[in-house]
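Start from the sequences, fold in the hints, and give me the full structure.
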Amino acid sequence: MTEDDQAADRSGQAPDSFAAAANAETSDTSSRDSAAGNSGTANSVDGLLASVDDDGLAGYNYAYLDEHTKREVRRAVLKAIAIPGHQVPFASRPMPLARGWGTGGIQTSLSLLGPEDTFKVIDQGSDESVNAANIRRLADRTADVETTTDTTDASVIQTRHRIPEEVMTEDQILVLQVPTTDPLRKVDGSDDANRRRHAHKNYSKMWVYLYENVVEWGEIQIGAAYPVLVNDRYLMSPSPVPRWDTPKLDDADTLFLFAAGREARIYAVPPHTDVEPLAFQDRSFQVERFAEACRFCGSRDTYLTEVETDDGDRLFACNDTSFCEKRQDNPEIEKSHHLDRSGVEWGPPPARGGDDA
Amino acid sequence: MSLLSVHDVKKLYGDSCGDCVSLTGDAAGTNQCPDCGTVVACADINFEVHEGEVLGIVGESGSGKSSLAEVIALDLEADGGKVRYHPYDGNLLDANYQERVELRNQHVGMVHQHIRDGLNLSFSGGGNVAEKLLSADWRRYEAIRDRVRDLFNQTEVPVERMDDAAETYSGGMQRRVQIAKALATEPELVILDEPTTGLDVSVQARVLDVFRRIQREQGVATIVVSHDLDVVRLLADRTLVMRHGRVIESGLTDRIMEDPHHKYTQTLINSVI
Chain A
58 MTEDDQAADR SGQAPDSFAA AANAETSDTS SRDSAAGNSG TANSVDGLLA SVDDDGLAGY
118 NYAYLDEHTK REVRRAVLKA IAIPGHQVPF ASRPMPLARG WGTGGIQTSL SLLGPEDTFK
178 VIDQGSDESV NAANIRRLAD RTADVETTTD TTDASVIQTR HRIPEEVMTE DQILVLQVPT
238 TDPLRKVDGS DDANRRRHAH KNYSKMWVYL YENVVEWGEI QIGAAYPVLV NDRYLMSPSP
298 VPRWDTPKLD DADTLFLFAA GREARIYAVP PHTDVEPLAF QDRSFQVERF AEACRFCGSR
358 DTYLTEVETD DGDRLFACND TSFCEKRQDN PEIEKSHHLD RSGVEWGPPP ARGGDDA
Chain B
749 MSLLSVHDVK KLYGDSCGDC VSLTGDAAGT NQCPDCGTVV ACADINFEVH EGEVLGIVGE
809 SGSGKSSLAE VIALDLEADG GKVRYHPYDG NLLDANYQER VELRNQHVGM VHQHIRDGLN
869 LSFSGGGNVA EKLLSADWRR YEAIRDRVRD LFNQTEVPVE RMDDAAETYS GGMQRRVQIA
929 KALATEPELV ILDEPTTGLD VSVQARVLDV FRRIQREQGV ATIVVSHDLD VVRLLADRTL
989 VMRHGRVIES GLTDRIMEDP HHKYTQTLIN SVI
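Respectively, the protein sequence lines represent chains A and B. Sequential numbering of the first sequence, starting at 58, is according to this note's numbering. Sequential numbering of the second sequence, starting at 749, is according to this note's numbering.
These are calculated hints, taken from the structure and not from any lab test. Computed from a predicted structure; not experimentally measured. Not one of these hints is a red herring.
What the simulated footprint calls covered on chain A by chain B, stretch by stretch (three residues with Cβ under 8 Å from a Cβ of chain B suffice, anywhere in the stretch; the number is not a length): (1) 247-261; (2) 265-274; (3) 336-350.
Listed below are the simulated EDC-like cross-link pairs for lysine to aspartate or glutamate, each with C-alpha atoms no more than 20 Å apart in a straight line: (4) A:K127 <-> A:E320; (5) A:K262 <-> A:D289; (6) B:K758 <-> B:D827; (7) A:K136 <-> A:E124; (8) B:K830 <-> B:E847; (9) B:K758 <-> B:E796; (10) A:K243 <-> A:E320; (11) A:K383 <-> A:E185; (12) B:K758 <-> B:E808; (13) A:K127 <-> A:D174; (14) A:K262 <-> B:D911; (15) A:K262 <-> B:E890; (16) A:K262 <-> A:D248; (17) A:K136 <-> A:D331; (18) A:K262 <-> A:E333; (19) B:K758 <-> B:D823; (20) A:K262 <-> A:D245; (21) A:K262 <-> B:D823; (22) A:K262 <-> B:D885; (23) B:K758 <-> B:D774; (24) A:K258 <-> B:D885; (25) A:K136 <-> A:D289; (26) B:K830 <-> B:E799; (27) A:K243 <-> A:E273; (28) A:K258 <-> B:D823; (29) A:K262 <-> B:E850; (30) A:K258 <-> B:E847; (31) A:K262 <-> B:E915; (32) B:K758 <-> B:E825; (33) A:K262 <-> B:D865; (34) A:K258 <-> B:E850; (35) A:K383 <-> A:D184; (36) B:K758 <-> B:D792; (37) B:K1011 <-> B:D774; (38) A:K262 <-> B:D912; (39) B:K830 <-> B:E796.
By construction, the Cβ of each residue, glycine as well, lies at the ideal position given by its N, Cα and C atoms.
If you want it as structure tokens, here you go:
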């Protein structure tokens, strides 16, 4: 058993032992006083040990969350779909990991998953990070779903800070983890004032921020979480995805759900919704530019990140590892290879030529 | 036709007993209702502003002139009355929030008494003016820059300082940036609330000079609210004198300065000169 497994088990254990303690209390009220000092009663220790022996899932509902929680999350999701880009509050539950580590995304994914689903988890483009692996394993254990690392196989994908390179379809849902929900917080720390701005579609302060950006840098210098206007109404943070991924939200076939567990907010971009990055007519929105191709697969039409190898070498490589592996096997493979049509717009237009390196 | 006409505008602070207006005013010698304690900031206010005209409103502190200015600038809800304003169809006081925002963005400029109400000091001076243009849906960066530069030239704010934070500006510069901001979208009406408060005399003169020149050139109708008779004397064609929430005298500025009829106006002018 790896250390991660143990950690997952331990945290998964906690509610069970609480339940055991509660049972003991109802059967014998006088035991409450002695419980703290005398926790070594044969009953409770045996009970605890016995529950360690099974797979730790006894007493848990399907997909970890109880049905009321799932209903609550689904309601928020439906409302969010009905009002594209609007931040809908929901009762974010404590999860077996700290808030800020994807708890909103996990609650949303687990509320959506059914036994027929295939689930994929991405953490900054990678399927293999500890957090992604653990979230995948939680769904595997509690919701009994198939898991995959192949974007085209998944029906529900939970992701942190990336949208996959392969074109997503109307049969898929992308759940994005969100650390900071309100794009206006960058320009004003008061959520109260910002909510009023959203209500009145008053985004002049964000515009001044962009203006001053251009004054200072000659172009808009926002790295990730580039503010977008959804359905010509609400200003929305697309979560800290790179600018590269932002155009993928516009008029997509896929449903995008954004969930923030710490801030207890869910918002959505339904399929075929207009999503427009804020920019001036003469200072347009720009995606990241890369001078090189991916060192591993040679791609020039994917989002690259600079990585350092064990020898201290610095090189550029695809951030989406699952697609990079496919490209390594077959360099000709298109982002829309799995669709029955070609020329699908997904992400930035292929502006980079082969010789600008 | 007049640009702005104001009928029976009323603004009360407090839960009114119903008789507040008749129990206060010039004859009663107070603006606070003796029965219920409600403050009658303004009542029975009637006046008109014509295109290109400058109307002065003078009065002592607490006379209701700032409340009146804020009601007309759509920053404050009135408790009754009718305001017709040419760009808006209907009673201006009934405009909903969205209409108010549009009017403020396009058709009314306000220069606030307190700098912080009018400017965001952490933005650059240029950014503050740009905010007004951006609110009015300007979306071409170069066009915005050109307009801001132009406005800075007109208001005599050094253009090379336009990208510095507004908090690094002197008080007079901040005031002139506010004027630039108020004029940015070429509104039909500008409201100046105490435009010279807190400035020394030479800077006051420069701010007023700048404004008077632009006002003459562009023919923008203006309401100047001030406790300072000199400001009103310099700018205004016509003047209202307010006390205890009522207009007690109105007329051409020269007439009021030279031949004040009301006892309070006489005291006011004598105490200045």
